[in-house]
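Number of protein chains: 2
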Amino acid sequence: MNMTDRKLVVIGGDAAGMSAASKVRREHPEREIVVFERGRHTSYAACGMPYYIAGQIDSAEKLVARAPKVFREKQRIDVRTRHEVVAIDTTNRRVRVRDLDAIREFEESWDDLLIATGAAPIVPDLPNIRAPGVFSLSTLQSGIDVFEDIERHAPRRAVIVGGGYIGIEMAEALLDRDLEVTLIDMAPQLMNTMDPDMADGIAKAMRDAGVELFLEEALKTIETGPDGRVRQLTTDQRRLDADLVILGIGIRPASELAKPAGIELGAAGAIRVDRQMRTSVPNVWAAGDCAESFHIVKEEPTFIALGTVANKHGLVAGINLSGGDVEFPGVLGTAITRFEDLEIARTGLSEKEARDMGIAYRAKTIEALTRSHYFPGAAKIKVKLVVEEGTGRVLGGQIVGRAGAAKRIDTIAAAITARMTAEQVAYLDLAYAPPFSPVWDPVQTAARTLS
Amino acid sequence: MNMTDRKLVVIGGDAAGMSAASKVRREHPEREIVVFERGRHTSYAACGMPYYIAGQIDSAEKLVARAPKVFREKQRIDVRTRHEVVAIDTTNRRVRVRDLDAIREFEESWDDLLIATGAAPIVPDLPNIRAPGVFSLSTLQSGIDVFEDIERHAPRRAVIVGGGYIGIEMAEALLDRDLEVTLIDMAPQLMNTMDPDMADGIAKAMRDAGVELFLEEALKTIETGPDGRVRQLTTDQRRLDADLVILGIGIRPASELAKPAGIELGAAGAIRVDRQMRTSVPNVWAAGDCAESFHIVKEEPTFIALGTVANKHGLVAGINLSGGDVEFPGVLGTAITRFEDLEIARTGLSEKEARDMGIAYRAKTIEALTRSHYFPGAAKIKVKLVVEEGTGRVLGGQIVGRAGAAKRIDTIAAAITARMTAEQVAYLDLAYAPPFSPVWDPVQTAARTLS
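As you go down the protein sequences, you meet chains A and B in turn.
Okay, so the first sequence: first residue is 1 according to our numbering, each after it adds one.
Okay, so the second sequence: first residue is 1 according to our numbering, each after it adds one.
One thing to keep in mind: the hints can contain errors.
Chain copies aren't distinguished; within one or between two, either way the pair holds.
To be verified - Calculated pairs, DSSO-like style, for lysine-lysine (alpha carbon to alpha carbon, straight line, at most 30 angstroms):
no.	residue 1	residue 2
1	74	380
2	74	23
3	204	380
4	298	62
5	23	364
6	7	74
7	220	382
8	382	23
9	204	382
10	380	23
11	352	204
12	298	259
13	364	74
14	259	364
Since the hints were derived computationally from the structure, they do not count as laboratory data.
With these hints in hand, go ahead and build the complete structure from the sequences.
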């Protein structure tokens, strides 16, 4: 069969799925492409939801990069929203689809199948975990639900469970909405992808902003009021009044369809893929949060659910589905966020990860300024680097600081990818002028201490 | 002779000279180190002068990283300001020194000599070029002179000659001081280290801010008033009233001492050095703006006068002067500046340079946003990349944009140093969150168009 005659079915209409579908459409203008999306939206910026809830973005529509109608009309991609794929048949090359509005099921054939079902929030198995007022953030609809709940019920006391990216961003958002905010986390630190010396500054900034922070406390019970809405939580230490609860305790790959279909799973239960995004079954591909990635430093498959990675997965899958031949080089776990004006970023291995992997490493944390010390707006920045003992090769970096600090992580990400040593980073020809940096960029100041 | 017994004489007490002297002192606590500095200041941030003149930094003292007294007392480095070295004798290992205050000359012996005399502004040979009200920016004193001239004479109309970094920064500074500002440049564009398509946006921003801009016009005459102060300029096109003139037409290496001493000169008249900062004469070293650098992409010596490079030169010279063994890997000509809120940066080869070198290249310029399109403060950014035809290797990059745009040049600088291709840059794991970047960083969007 000619490649352009091969019918492509995509399960999931967000970043990975629609990136792939769009790429295939550009290469093959006449090919049949069908996308089944369980929700109402396609290609939306889930990362923008906390800022929408905060009121910093005035409409949820703005988070939609491209609506289903646009895909259908402009790109002639047959996007069907509110259609959930419930089973994959790899022998007969069919998927079983549930039309959620018409409440009927049907089968759709495919020649190539791309699974791009994303990730799902982990929800603890507790009574009342789905009571009104208790939310997880995942789909755009979930963000709209939180926004509308705040509008309608005007909650006053929020408890956020989990101090990762979502927890930190939602703390900022809910403070912006004038709620009292408490955050609990089972771990002894926030942001478990960072090392404790870096995470401490984040905790301090949150407490300074009025967030009540309880670390090393686990959620035990959720109690509702007479109206059925959440009213109180208990941890192993205390009772907390709450009329809004945000769960941000982690996500897992939404790979449920794969296993019964005989498609192998890999890291953390994500769908196993090669560097071209092929699964273990011929003509079945996976991309985005449901699929694993190769970790460039760990040199093994890993589960990283991020929009950047999903977009790259989708592009790589799309190129290869169109007869191209590219490989996804892998991930470093680069991530960035902020709490109010405190910027936070990380890439590569943390010190913890290096230690857990049994790597001989050295790590240093330096404090510097984002601009020349005499320049207005010069702000504190902490940079931590982890290098391999002996070779001096940079393995990871973390940054916490004020305006202009965190995007410097990209320099470290590029250096790690290129297998540079700390000495090589120290001598990089980085940009300096007083409004932008000290004469030695803070990344280089950190590198110098390790070279 | 034991290395620690070797007397080190340094000519020039700014970034390169004092970085080297400080490094040697850290390694050799007892070694004799003498620094002769012609001016009154050491280790100052010349790049901060426009912002000091603008009134954004409240004292010139803040630009001094470390004063002579501190070097003398804390580091026991014998820094002698107002002492000008007028000749080098490499046979007998002596320098002839003029004490500018006592008006006497003497000789000083050395075992190792480091020339770190910096660069000097190019001043056209025109009558009245040194009249009151006409300034070049070079030393910290020259910046103080401009500041005091504005305070004392309250000039109203300034003409800046030259549209490079100094010209652009001084235009901002003088607008801040409520002067009427005219800028003339012989070239058809501003910023000759950028390509015309990128420089056009800078010209537009300057005109929008009220700067009168005359390109392709050369300074012809300088006329003074009855008080001897500058009053009017003429170009080949027009007369311009001016009671303050800033010359920013370029700099040359201050390498005058080298040639009569038999020390070889190299690129653009800068002192020839190897990657360890050794000159052609044994035990004579050079570092900073007076010395050439190896250009990583051009793979040949070049003259780049920048504070970052001077600091690295000084560190490398200092390490090697202390018995270490390091090489300076070279430069990319990375530079950054701003005009008001328009940020400007470049690294590696411009399209012009690639063309002049006869390299087969491809270049693309893209427009994107600094943040997610829906996020408050998302601002325009233009990124231009130049890649080698065939290999796709990134040769250079340029960025013009608003808040948060220009420091992204560092990612490109790291990628060029690592000899990455555009495709490799497109797949780098760079940081994304709505307040910091679109999901594809603009650098990657540019890379994708070329991969």
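In ascending order, which of the hints set out earlier in this document are inconsistent with the structure?
Per hint list: 4, 7, 14 violated.
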